[in-house]
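Asks: Quick mapping for you: the protein sequence lines, in order, are chains E and S. Sequential numbering from 1 applies to the first sequence in my numbering. Sequential numbering from 1 applies to the second sequence in my numbering.
Hints in this document: simulated from the structure, not taken from any laboratory. Beta carbons: idealized from backbone N, C-alpha and C, even for Gly.
Residues from chain E shown here face chain S by an in silico Cβ test under 10 Å; the list is partial:
(1) Ala155
(2) Asp160
(3) Ala166
(4) Gly167
(5) Ala171
(6) Ala174
(7) Ala180
(8) Ala181
(9) Arg186
(10) Ser194
(11) Pro195
(12) Ala201
(13) Pro203
(14) Gly204
(15) Arg205
For the chain E half of the interface with chain S, some residues (derived, Cβ under 10 Å), not all of them:
(16) Thr164
(17) Val165
(18) Ala173
(19) Leu177
(20) Gly178
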Amino acid sequence: VTTTNGVPTTNGTLGTGPPGTNGADSGDSADGATAMSVARTATTPGTPAGTSAPTVDPATGRALAALLAVEHASVYGCASAGGALAPLGPAAEGARELARAAYLAHRALRDTLTSMLLDAGVTPPPALPAYTLPVTPNSAVNALTLLADVEDRTAGAAYDALATVAGPSRALAADALGQAALRGQRARLAAGESPAAAGRALPGRL
Amino acid sequence: MPAVVTAAGVVTVTATGCTESMARPAAPPSADLAAAIAAARTERGLLADYDAAIGRHPSLAGVLGALRAQHAEHARVLVAEVPGAAAELATTPPATASRPTAGGGTNYGPTGTAGPSGAATMTGAAGGAGTPIGGGTTPAADDSPTARAGAVAGLLTAERGAATAHRAGCLAATAALAPLLASLYAAETAHVDLLGLVANAAGTAG
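Taking the hints into account, I'd like the entire structure generated from these sequences.
Replies: Structure (structure tokens):
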């Protein structure tokens, strides 16, 4: 599996742990094998049928597509965390709110990236039916850890994209990086980490 | 790990590109060099602010010390990864000369040019440029909750200004420097969020 700052490029791996059992809003395909092959287009975006040539340079198209591929996984991860937190009662209310906010933010970024790629004549990579979760969200703390991991991956993908994109795409990636750092820190603080450990000196850089 | 390789590769490209473009002594500073210097000055100014605040309010040393350490890392990376920045910084005015205002952008003027008088904003109307937040030259330390809240509020203003400046720098820089400045923007954004929590605690703790 080739990854770039956590970007799945050849399968649906969100992390390195065992496959997760939760997830939602992961895309249209019900065929994992098909989805895996589609995922390869994340780094080789094409042109939608019946449209003219892409209006962005290939490198920008690939960078945005790679970020979108991560956002598909992030939406899945946030939904998984939220789903695991749902039955945990009032004690997990704060964590649920973090999961909900993260889910909405990643979904919005996903939709924005999809629109940008389509407007540019680039076929956006679709979501996979499921992703391997790096942390099984079997407790509130683990769900928060998963959320933090999701944000670290988004931050890494945004950082990578920033080395390529310019203009509005760069602003989008920079803001995505900033918001991911913010949400990641909040998730770690909620999970009980100290302020010193919750933040990242250089978000997005590994 | 591929992700590490990717991130490192970007860094390498950054350093190499700057080396080639900044090797001519007669040439004016490149936009990236000016941006890196401005960012480094901002970070050094923040370091002074945190030192002053920690000195006056040791009870906040835990959290503020962690944030200070991140700013030290920011300054170190900027100098280490942008060739020419260290030399320029060694021959130019103090760090506070080009610090951003609370809501202002970055002064990317020629090296040595006086920056915005934003330091006055961070020190209060009578503070004057160059005086660290928290009144580092004031001998009698007031460690009351009100004073702590005021110190944290000053740091919040400085962090917001730094975040704004780094984001603007990111959007204006080449793709070689943009990821690093975006990462700094993300870090300061998270600092603002954390300081908000500290401000609440500082204002309520006896």
